[in-house]
Structures are given as structure tokens and as C-alpha cells.
Amino acid sequence: MPRYDSKRIEHKWQEFWEENKTFVLPDDTPTDAAQKFYVLDMFPYPSGSGLHVGHPEGYTATDIVVRHARMNGRHVLHPMGWDAFGLPAEEHAVKTGTHPRETTEQNIETFRRQLKMLGFSYDWSREIATTDPEYYRWTQWIFLQLFDTWYDADYRWNGPDGVNRTGKGRPIAELTIPKEIQEQGDDAVRRYQDRHRLAYISEAPVNWCPALGTVLANEEVIDGLSERGSHPVERIPLRQWMLRITAYADRLESELKDLNWPESIKLLQRNWIGRSTGAEVDFLIGKGPFDSWRTQRTGTGWPEEPSDDVLRVYTTRPDTLYGATYMVIAPEHPLVDQLTVDENKSAVQEYCRAASLKSELDRTDLAKEKSGVFTGSFAINPVNGEPVPVWVADYVLISYGTGAIMAVPAHDLRDFEFAVRFNLPILPVVEPPDTWTPSKDEAALTTNINGQKLTPFSGMGRAINSGEYNGTPTAEFKAVITETLASSGLGQSAVNYKLRDWLFSRQRYWGEPFPIWHELDTHGNQTGLMRAESEENLPVPHPHMEDFKPTGNPEPMLSKAPKEWLYTTAEDGTPLKRETNSMPQWAGSCWYYLRFCDPKNSDQFIDPAKEKYWLPVDLYIGGAEHAVLHLLYSRFWHKLLFDRGHVSNPEPFYRLVNQGMILGENGEKMSKSRGNVINPDDVVSEYGADALRLYEMFMGPLEQVKPWSMKGVEGVFRFLGRVWRMVIDDRSEDIMLNAAVSESEPTEHQMRILHKTIKAVSVDIERLSFNTAISRMMEFTNFMGHEDNRPKAVLEPFVLILSPFAPHIAEELWHVLGHTDSLASEAWPEHDESLLIEETVEIPVQVNGRVRAKIHVPSGTNQTALQSAAEADSTVRKQLDGKNVVKVITVPGRMVNFVVK
RNA sequence: GGCCGAGUGGCGGAAUUGGCAGACGCACGGGACUUAAAAUCCCGGGUCCGUAAAGGGCGUGCGGGUUCGAGUCCCGCCUCGGCUACCA
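The first sequence begins at 200 in our numbering and counts up by one.
Treat the hints as calculated values from the structure; they're not laboratory data. There could be a bad hint or two in this list.
As the list claims (entries may be wrong) - In silico DSSO-like cross-links for lysine-lysine, where the CA-CA straight-line distance does not exceed 30 Å: (1) K955 x K1053; (2) K1053 x K206; (3) K868 x K315; (4) K991 x K955; (5) K748 x K871; (6) K871 x K905; (7) K697 x K456; (8) K235 x K799; (9) K465 x K639; (10) K799 x K868; (11) K486 x K465.
Just need the whole structure built from these sequences, with the hints factored in.
Right under this line is the structure:
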């Protein structure tokens, strides 16, 4: 009867831990900074389908790390919570009328039960959900910090971390208001401030699906059609909240270098931020004579905002200005109308309309051929006064740079392709070095024009056809021309990022409401002026709603809220209307790691002393799918809070590890449609939580992608059975020790095996190499299970090192071995190096690099003795017989190699 | 197209700084226990030649190289996976 029975022991110990608050951390502010250890899992979205086997992978890894750390006396923070806002609960509400909160709570209930079933040692007293009003109160509060902040890019300052930085998020009250704005009065000042806030409003395209009557999230749009029902989706501009993450682009990039993150993830973030340097240049498009404009510019200098008579472009290759043979502006560019001459109006309008229907994906991915139309206007090249035709084409994106380019077809592949298509001149202005051979892409574009073979060249060389600059090397030319343009007010060096400002609003019910009011005029129309909700009034709760059906127009769901929620009157009598957009799901997950340190604080989002003690997170484990967005957004918010003095460390996550995805048994990604989903509940009911945990760690390296195997689960389950029988008499009716277990002194051999295992497992846990740690414990069990005499002095330390991996069986064995308290508070065994030394070692002897014999010598045998021992071996003698030994390599303790001829 | 990662038995994988390739587990074959089965235990194994012995040849995606010695380092390819997508 007392066979290994996971059902009986797992539940029992889970209750024990809960009742004894084994893993609950006292709430006092600790002081011993060296021992703090904050280990965080990426908290899950509690979906309706319950836990996936991918979740316990990272969660088991961190659980092993923290259980090990606690036994080593470290002060561990290891919490869990829920990223609980999200579309599915709202969609369920549309279908059934069930309030999203109800669905969310049910799903959380399931997830909590499943996680507890796996025996993770979370401090559940710190559980939080992003949907709790007491949580999102502070999400809204952080939003108000963003709203109250502008970025002073030139500000030099010393942070609390002692690092000197340039650029700081500062209170909006500290923004210097230009005189001309001040003169325009209070409203103008407020609007000026609003334009500079880190949270600001701008028109941005949304995915509007007329057939479904709703705005869709990007992930709900597939190939321009809605995921549900495959209806066409339009891109229409809508008033949206944006977060000025681009202000922090530089710091987000440069401060990556101190983080202990996988290099590949850092690179991913760097590429995503996509910093490039170049210059902005103004091309005259106004009527005035070019010369007088240029003279005037030399006087006034470079204007911050371009006036209507110039077309401003961004280029990374200002050295190719002489080769600009046409210009391109994006279809959305504000100067499109002004630049289009009457005869081209209809063609340009038609082109822009067609472009507006395409998503950015359609424009790039599907459109193989370049397209565009001529506006009929010309711009004047500032370096030589030449007129250059201006085209509209959708290969130029309004969202990057200035939304306009100078096209240099000879030295830009896209421009080259376009020029060939529309028969525009191609003028080489860079001579390639002699060693140049066209790259694959360059060669692919080679075209015959008027019997001449032309190939674009996008590299660096020397200037040609560039007037006085001929012969200048590219790098030098870039610097010189940028300076020349700057001194005459025609250009300016500039930095650009692929990173865009963060579109922060959604038109949903089930997200954090914005703590913002809009002022109304006497007709009830918005004036465009805004007021922040006062901090005492937070949280701004969700309005009560009966009906969660979409509005049927692009208006946000919350615009259907009751009047009491939507409207109020300010103390000064101004009528106000609430912001009706809601925040995206990312918002809550941007700062949850902070709240875990002080989850119940009702005065502050976190107590500064606790923040100082616990942060940064020492180890953060989660899926690589969050490599860019979540991790970048969190870092951005953290830096804002840092600038505003609310946190003391510039980065939130010191060490990051990505777990690899678990595939189905057929080696494919798990999905319902493929029918290869493994349900953790089933695995636990058949084999137990310890077996599931152990298997997930035994499958292979944590960071690697690996397929599931039910046979593999059985394998570790059998191992747990062997461990059980090593200690317990499984043929007895009662739970009692195996007869082989004794109080006697262990043998030297037993001690050596034990201490080898302790050493290997300890090292492996620190390296997060759990699969090898488990094989070492299997080897121990294979050995010890065969010993007729199994001293407790050997079994007990083994049970302790097994416990982080399989805590339930370990607690049970510990108990049967005669202990009354949980082993979680026991000290981690230390290995004794002196016990590891073997008396003799086996040394391979090679002849010409091939192993021909193995000899046994006392460990510590020196080089000469080792060589003579090898030479004395009969097989070696046979091998060396009649041959000329040229050289002998001996590595003590390793090998001997005879090089012969 | 660009970037990143990975290729080791039938399978998952192991192998400190270059030093016995295949630990550990799965699957498989043989055996013990049993009336039988399950469970458990024992034995076997990269591959080819050789009689199951001794012994030897070949083996870490492919082709070269460095080295006494390469899964590991260098050069050139191939295949698979992930991310990204006209960023001027």
C-alpha cells in the first residue's frame, strides 16, 4: 500500500505550507541588503483555457532557484499575480452579457488552483491582479506622472545611482514657455504644455471594421481582414493617446549594456529602437528666388519647425545630396495638397486614397512593385540650386523621419528601383572603392538603361559629380556637408529611431480608464483643453454597463457609459467630459514588479524604502515573445519613475532569462487546432506535480525549444518511485523506513558519491542547468538504491538537495526520516572537497590521438610518472613497438598521447 | 531580403579552459520474479568488418584548415527554427 502516491502526499504538504505560512515573507522593511533576492516570473494572462504546460516551465525553474536560495539563508521575494485585463473576457461579455470582471475572477480562480497544485513556493499574500481597483489606481497614478512630465533632452544631472546623464523627464511646470506663446494667453500656454507631455493626444490610424462595428487590435487583424469573420478592415485616423517613449530611445539603448540579459535579446531591443544618425535638410518649394531664401536662412538660422515654403527631409547620407534626382513624400504628408498642381490633382488624390486603405503591412509586404505619382512640383536642392521633381509614393512612411526623402537612386536600392520604374535620372555621386563587388541585392537590381548597365551602390567611397567636394571620402563628406548646411541654416544633424511613440489607447471597456477630463464649451464640444483627475479621486473606476456590445462606430466603448460617469462640472464651473479611451493591456504589466514589494500600500504605489531594498529584480524568467514590447515598455516607465524620483535604480530587471517554448509531442507548436495540447491537470492527476515539475526541467536546457514526451514524464515518475523505495519500505502496510536505512556511519565511497552529487547539483542550480542536476540525482539514486546499508547521514542531505525540484516527496521523506518541521527551513548541504578525492584515476593513453589503452594510476601522479606508467602498459608497448616516438604529451589527471612515426 | 539561434545514436539530450563522444532518461531487444499480467529488478546496445571473443575501420549537418589532439577554434557552404520587414 505505501507505494509512492503523489495524490496523498502532494495535497497534504500544500496544506501544510499554507497553514504554516512557510513561504510568507514578513512585511517589515528588511535591512540586510546583501542577502536580498528578488526572483520574478512573468505573470500570466489568466485565459479561460487554464494553465498551459509552458507556464510551469519558467515557474518551476524560479521555484527551484528560490527554494535553494532560501535554504542558503537568502531573503527571497517570489510573488505571483495576474495580468488580468484583456480582450477575451470582454468578448465573452459581448456574447453572454457576463461582466468581464466575473469572467476574469473565475479564470484567476482556475489559474490560482492550478499553480497551487504544482507546489510553487510563492508568497501568496502578495498576490495582485491588474484589474483590482486598488492596483489600477496606481497604474492611473503613473499615467498622471507621464502626463505631468516633459523630456528635457539637454538637461545634465546626477542620478541617485551616481551616474551622470544628459536628458531627464521633468515636471511640466518646469517647461520654459517661449515668449510668443506666453503672449497668446493661458490657453496657448496650456496647449503648448500639452504638446510637450510624455502622454499626449494625436491623430493615429486605428483598425476599424465596419462589418463588426468595432475597432480591432492589431493582433485581431490578419492580412487586412478581421480575425473573426474575415471582414475587411480600414485604417481610419482617430484621436489617440500616445506615450513619448522615443524621448527615452537613447537611454533605453545605451543603458542596455549593463544588464545581464542574453545578448540576442539586447540586440533585438537595439534593432527595435533602430537608432540612425544623419541630417535633416530643407528644400525650398516656395515661390521666392532660391538665392534670397538661402541668404535669409544664413541670417535666421535653422528653424525648429519648417515653414510651408520648404520640404524638410531626413537622410543618413547627406554626402549624396548632389545625386538627389527626385524627392518623395508620403501620401499622408501635410504638403501633398499644396505641392500637387491642378492637372495632377485627381491622380494624386486617387493614389493617396488607395494608400490610406492599405495597412503598413500591405504596403510593404504585398506590394512588390514600387508605386507613386508625380505632384507636378519641384523643390530646389540647397547645395546646387537645381530643381528636383517631387513625387508621392507609399514606400516613404509618414511615421519615420520627416515623412519625406530626397531620392538618390544611384546609391539607394529603393530609390533605384523606383527611378527605373518611372524613368527618372540616376546620377552617381559616390565612386565605389576598387575592391567593391555588388552585393546580392545590388546585383539583383542591375538594369540596362540606354544600352548601359547600371548597378546601384549603397556603400562608402569617394565623392564624384559633387562640385567642390569631389574626391572627399564618404565619412568625411558627411561630416563636412552637415556642418556647412548647419552654418547656413539649411540643414541640421539629426538622430532618428525606428522606435515609434507608443499608441497607448484602446476603444475597449475592459482596460484601465484614463484619469483625464476634457473641457467642454457652452455647446458641449471639447475645446481640446484637458485636466488631470486629482490624485485623491483615484482610482477612476469602470462605469456600470449592462450592455457590452460595440458602439457600432469608431467611438470607444466607454462613450456608452452613463452620464454620471461621463460628465461633471469643475469647481470653476467648466463642464467636463471624461476621456473614453481605455489603456492597453501592457499598462498593468509595466510596473507590477514594483507593486509586489509593497502590494497593500494605500498611500503610495510603493514604499521608497522597500523599493530601495528589493529592486532591481535579480532574476526575471519568461518567454522570449516579450523580448521587445513588454520589456521595453517596462524599462521606459521605470526610467520615467526614476527621473521623477520615485525609484532609485535606472533599470527594473537586472538579469533576464528566456525559457524556450515547449512543443507538442509531434514537434509542432501546441495548439487546439493541431490537437496536441498537453493539459497540466491531466499530467498531475496521473503522475503528480513533482513528476510534472521534474519532467519539465529534465526535458533539456531551460532556454531551448523542446518537444513534450509523455514517455519522458513516465521516466521521471519511475525515478521518483526509486527514490521512494530507496527510503521507504513499500511492501509494508504502514509508512515506514526501508530496512536498509540505518543510523550507521556511511562508507567512504558513499560519502564520495553523496558529496559529488551535492557539488554538482549546487553548481547546476546556479547555472540554471536543471536537466543535468536531475541526472546527477538519478545517478545517486541508481547507486544508493543498490546499497544494502543506507545510512541516514547520506540519505538526508540527498533529500534536501532533491527538495527544490520535487518538494512534496522530499517533505514526505524528510518527515518519515524522523523530522517534524518542514525541510524548507533546513540549511542547504555543503560538499566537502576533501571527500571527493579518488584514490586512483583511469587515464586514457593515445597513440597519434587515438585511444589505445587505459591505465590506472594513483590520483596526483605527475607527468614523468604518468608517462612511464603508460609506457609500461602492455597494449601501449605493442602499439609503440618498432615505431619512432617523436613526442609525448602528458596532461596529469587527463591523458597521455604518444606521437609516433 | 536582414538579424538571431540551432544541427551529436531510433528519440530528448550530456560532454569546465580544445583532452576517453554519446552521461542521464526514453524507446527497443534479451532475461529474472509471477499461474498470468502489472509493477519491479538484472543484462545489452553509435555504426560497419570480424564468429556473440580479441582486434580494427568510420563516426557530432557538408567541404576545407589550425593542432600531438577538434562536437568544441578558424574559413567557406547546406538545412531547420525564431524575430523582423521599403526606417531613407
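We went through each hint and held it up to the structure:
1. K955 x K1053: holds (23 Å)
2. K1053 x K206: violated (49 Å)
3. K868 x K315: Given pair K868, K315 holds - Cα atoms ~26 Å apart, limit 30 Å.
4. K991 x K955: holds (17 Å)
5. K748 x K871: holds (27 Å)
6. K871 x K905: Status holds; Cα separation ~18 Å.
7. K697 x K456: holds (19 Å)
8. K235 x K799: The given pair, whose Cα atoms are some 20 Å apart, holds under the 30 Å limit.
9. K465 x K639: Since the Cα atoms of K465 and K639 sit roughly 28 Å apart, the hinted pair holds (cutoff 30 Å).
10. K799 x K868: violated (39 Å)
11. K486 x K465: Roughly 49 Å separates the two Cα atoms, so the pair is violated.
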